[in-house]
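**Student:** Okay, here's what each chain looks like letter by letter:
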Amino acid sequence: MTQAATPILAPVPEARPLWPRLAIGSLAALVLLPLAVIFASFADPQGAVWAHFGEFVLPRLVVNTLWLLIGVGFGTAVLGISLAWLTAVCEFPGRRWLSWGLLLPLAVPGYVLGFVMIGLLDFTGPLQTAWRAQFGAAPQIPIRSRGGVIAVMALTLYPYVYLVARNAFQTQGRRALEAAQTLGLGRVGGFFRVALPMARPWIAGGLALVLMETLADFGTVAVFNYDTFTTAIYRAWFGLYNLSAASQLASLLVVLVFIALALEQRSRRGQRFTAGGRADRGQRIALGPVARWLAALWCGLVFAVAVAVPLAQLLAWAWQSRGDLDVRYLGFLYRSLILAASGAGLVVLLGLTLAYALRARPGRGASFIGRLSTLGYALPGTVLAVGFYLPMSAIDNGWIALGTYLDQQWTPLLGGTLVAMLLAYAVRFLAVGFHPVEAALHRITPSMDEAARNLGSGGRDLLARVHLPLLRGGIATASVLVFVDIMKEMPITLMTRPFGWDTLAIRVFEMTSEGEWQRAALPAVTLVIAGLIPVLLLMRGGDTEQIHAT
Amino acid sequence: MRSLARLRHLTRPLAALLCSALLAGGLEAREPEELVVYSARNEQLIKPLFDAYEKASGVRIRFLTDKEGPLLARLKAEGVNTPADLLLTVDAGNLWQAAESGLLQPVDSPLLRARIPAHLRDPDNLWVGLSVRARTVVYNPDRVDPAELSSYAALADPQWRGRLCLRTSNKVYNQSLVAMLIAERGEQAAESIVRGWVANLATPPFADDTAALKAVAAGQCDLTLVNTYYLGRLLKEDPALPLKVFWPNQREEGSGVHVNISGGGVTRHAKHPEAARKLLEWLASDEAQAAFAGENLEYPANPEVTVAPLVASWGEFRQSPLNVAFAGAHQGAAVKLMDRAGYR
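Line by line, the protein sequences give chains P and B. Residue numbers for the first sequence follow this note's numbering, beginning at 1 and rising by one. Residue numbers for the second sequence follow this note's numbering, beginning at 1 and rising by one.
What the hints contain is simulated information worked out from the structure, not anything from laboratory work. Where hints are given, some of them may not hold.
To be verified - Here are a few chain B residues that sit away from chain P, every Cβ distance over 10 Å (derived from the structure): (1) Glu33; (2) Leu49; (3) Asp51; (4) Gly102; (5) Pro110; (6) Asp145; (7) Ala147; (8) Ala156; (9) Arg163; (10) Pro204; (11) Ala308; (12) Pro309; (13) Ser313.
As the list claims (entries may be wrong) - With the C-beta cut set under 10 Å, the calculated list includes, among others, these residues of chain B facing chain P: (14) Gln44; (15) Thr65; (16) Gly69; (17) Val80; (18) Val90; (19) Glu100; (20) Ser169; (21) Val172; (22) Pro205; (23) Ala207; (24) Ala211; (25) Gly232; (26) Arg233; (27) Phe317; (28) Gly332.
Claimed, not checked - Footprint (simulated), chain B over chain P, 3 or more residues, beta carbon under 8 Å: (29) 430-436; (30) 498-510.
A quick note: this is a predicted structure, and the numbers were derived from the prediction, not measured. Ideal Cβ positions, reconstructed from N, Cα and C, are used throughout, including at glycine.
Work out the full structure, taking the sequences as your base and the hints as a guide.
**Tutor:** Here you go:
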């Protein structure tokens, strides 16, 4: 970590360009409209509901939610960082395939892993049943518990940290580590005092995504019947038929997340995170004879629990319901892929725009609003879907009314179009497209821009020849994350899809909504396998890069 | 010149005639009647019926599935411009809620009145039940003597301590069951019953009915409260499971088994209200009822229609005569009551 550059290298202050503020303004308009709809619910006070929730519901749920955040945050950090370090920097048996295999939990929805784990480990599962048959009584495995839900969520969400941390470790170069060694720091000291602090913006970005997803999750906690803040939101909406109270509860979530993000940002102020020169690839750390097998065991274990076991169970169930497989699956698959690919393209583009706009230091107000526009990720999906649908319908209704006024029969502008769907995805996933790109952008210092300009490169050329190569990792990471997130996404897809635009995620919804979990395995397993495509592409891209570098 | 002017006189009506003929012809040829359905009943349960109706009537049906909450929010947001003609849900509470929010219009249909019993319909004809979902006691015959069983309320008795399994109170089926207890006995009595249930739990509430049934079969607990079709699905896979149905509240005057409905109503701003009514009537017909309920091993709403053989094997029972609208009216109170009683 280097402290702020010396004043001599600081960029000459120039007139503030207008475009960053324009870009932030239009992005914010898109994202803040749904958020505003949700916050507007306070115009309809729900004192009685709040009094009831405050007395009987929230105390327990807030404690539950905090434990979940702490547990999942800690779990994903430990898993993500340790696995990233081992696969990015060390050498051990199986490293090559584990380095991409460990990404696969990305494609496994949390509620699926939760359902599989409960099915296997609970009282009625094969493990305890066999044990009882053998010995009469079996030790209880408390899978439907706080520990169980934390473990499952950590196992499905750690790739957010793993992917960004791996990217950071790979690109931070070995020189810093070598320098640390010459200063007498051992391997462990080098990791904790040099590599880890240098990777902080990456890890913080990944953790921010994990925590937002944890807060917004409903599917996984519902499988465990572990009540969190989100449960209260849905209980108010579906149980008390009170969308206003639900929106008010949801807006609390948004405020909470915003404060957390602001604090994290503040704590990083005044620090610069720059690569120590070119991301040179030295020798991987050769682990000792025992350590290398321990490393393999650790990575293999995580892979087995988070990927192999659920995938095997899903395949077994999918085989039982193979009669459901018909030609329509081609359509589901096609639509899932098209939506995920175009959505990922759009969201990453917007994320890049936002990151660049913020980098141009557009002023405090604009920065504040810019950061605000990544908060869609912290909201429970269904609440956000409604928040998006209300203003969208208002626009459509206005449009149709205008048509009627002009004696024309106009059809809705947005409702039932793919444009609306993609915009809704952008509102939800902007954070996912933004954080990895922003972290990568930290690497490009103003002095690098200066140097490039002195060499006669500027404008588009500077972006293409200097920035793009350095941002590649971040862009690829963001694209994969958004792609897989959209593939798994349900509420927005359900609410905004045109007639007949059913996807794999919607098939999963159709089956699970009436408790037919086994039959949901077929679309779920197709979804997981389709989700592998971008993951594999990403890893292959990373490998070729490595070959060129060596 | 004069002839030309006369020609012009002629062309106008001629063109108008031609145009209207073309237009009418085009309309007739291109647009068969089309219905749009918003459904919370999932695709595999309704599509076979829609296919059959399309074939029988020539009406084209387009539909979208989603959860009830978002569907209602969507209908409300779309307002007069909604494309939806018909709303289908899988519980009465949400139909009641849709009616309360003014999203449905009354359907005056002698056919529906004749086919569907009064307690499964809205008193103001805003919605109608199409299948019945009975929530009843399922017990393990190795561990429970059915003579010990009587009512939902009796499950609060200390004799069941550590022997009861329940699904989460987040599920609407349990919320409407408690709403029935409130309607029948008042809030205080209902709350002490729910507290008794909670005290009797063998293990924390399950996320779904199937898990609760499996726990009873495996001996983790002795009995549970579930919708019968979940049992039907399990028994279809493994008929040997030690699970038996008991129909509660049969000896209580004016009460009976708690039933919820899957049903529908015509939306207020439907573009094809007549066609939507016809579809509802068809769904209430003998042929469709057998399929509608049979698809998911539910009970037909039309009592004249015979049930699937497996379902028939559980015996006959008396439904609670309360109008299912109570589920909506008391649901909020039920949710709060369960919160107070610590039923998670």
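**Student:** Each hint: holds or not?
**Tutor:** Hints and how they fare:
1. Non-interface call for Glu33 (chain B) relative to chain P: holds, since the shortest CB-CB distance, roughly 16 Å, exceeds 10 Å.
2. Interface exclusion of Leu49 (chain B) from chain P stands, the closest Cβ pair being 15 Å apart, more than 10 Å.
3. With a least CB separation of 13 Å from chain P, Asp51 (chain B) remains clear of the 10 Å interface cut-off, as annotated.
4. A cut-off of 10 Å between C-beta atoms confirms that Gly102 (chain B) is not in contact with chain P; the least separation is 14 Å.
5. Pro110 (chain B), annotated as away from the interface, keeps every beta carbon of chain P farther than 10 Å; the closest lies near 32 Å.
6. With a minimum CB-CB distance of about 23 Å to chain P, Asp145 (chain B) clears the 10 Å threshold, and the non-interface call stands.
7. The beta carbon of Ala147 (chain B) is kept farther than 10 Å from every beta carbon of chain P, the shortest such distance being approximately 27 Å.
8. Even its closest Cβ contact with chain P, about 20 Å, leaves Ala156 (chain B) beyond 10 Å, as expected for a residue assigned away from the interface.
9. At roughly 14 Å, the least C-beta separation between Arg163 (chain B) and chain P is larger than 10 Å, which holds for a residue marked as non-interface.
10. Remark: the non-interface label on Pro204 (chain B) conflicts with the geometry, its nearest Cβ contact in chain P lying 6 Å away (cut-off 10 Å).
11. The non-interface label for Ala308 (chain B) is consistent with chain P: the shortest C-beta to C-beta separation is roughly 16 Å, beyond 10 Å.
12. Taking the minimum C-beta to C-beta distance to chain P, about 21 Å, the non-interface status of Pro309 (chain B) holds against the 10 Å cut.
13. Here Ser313 (chain B) stays apart from chain P, with its beta-carbon at least about 22 Å from theirs, past the 10 Å limit.
14. Taking 10 Å as the C-beta contact cut-off toward chain P, the hint placing Gln44 (chain B) at the interface holds, the least distance being around 6 Å.
15. The criterion of a C-beta within 10 Å of any C-beta in chain P is met by Thr65 (chain B), whose closest approach is roughly 6 Å, and the hint holds.
16. Restraint check, Gly69 (chain B) versus chain P: the minimum CB separation of about 5 Å is within 10 Å; hint holds.
17. Taken as an interface hint, Val80 (chain B) checks out: its beta carbon lies about 8 Å from the nearest beta carbon of chain P, inside 10 Å.
18. The beta carbon of Val90 (chain B) is positioned within 10 Å of a beta carbon in chain P (closest approach about 8 Å), and the interface hint is therefore held.
19. The criterion of a C-beta within 10 Å of any C-beta in chain P is met by Glu100 (chain B), whose closest approach is roughly 8 Å, and the hint holds.
20. With 10 Å as the threshold, the beta carbon of Ser169 (chain B) comes within range of chain P, its nearest partner Cβ sitting at about 9 Å, so the hint holds.
21. With a cut of 10 Å, the hint placing Val172 (chain B) at the interface with chain P holds, because the nearest CB-to-CB distance is about 7 Å.
22. Given the 10 Å rule on beta carbons, the hint for Pro205 (chain B) holds: about 6 Å separates it from the nearest Cβ of chain P.
23. Taking 10 Å as the C-beta cut-off, the interface hint given for Ala207 (chain B) holds, the closest approach to chain P being about 5 Å.
24. Hint status for Ala211 (chain B) relative to chain P: holds, with the closest Cβ pair at about 7 Å, below 10 Å.
25. Given hint, Gly232 (chain B) at the interface with chain P, is violated; its Cβ is 12 Å from that chain's nearest Cβ, farther than 10 Å.
26. About 8 Å separates the beta-carbon of Arg233 (chain B) from the nearest beta-carbon of chain P, less than 10 Å, and the hint is met.
27. Hint on Phe317 (chain B) is violated. Least Cβ distance to chain P is approximately 22 Å, over the 10 Å limit.
28. This hint holds: Gly332 (chain B) has a C-beta 5 Å from the nearest C-beta of chain P, less than the 10 Å allowed.
29. Only when three residues or more bring their CB closer than 8 Å to a CB of chain B does the claim for the stretch 430-436 of chain P stand; here the count is 0, and the claim is violated.
30. Coverage of the stretch 498-510 of chain P by chain B holds [criterion: at least 3 residues with CB-CB distance below 8 Å; count 6].
Checked against the numbered hints listed earlier, the structure breaks hints 10, 25, 27, 29; every other hint is satisfied.
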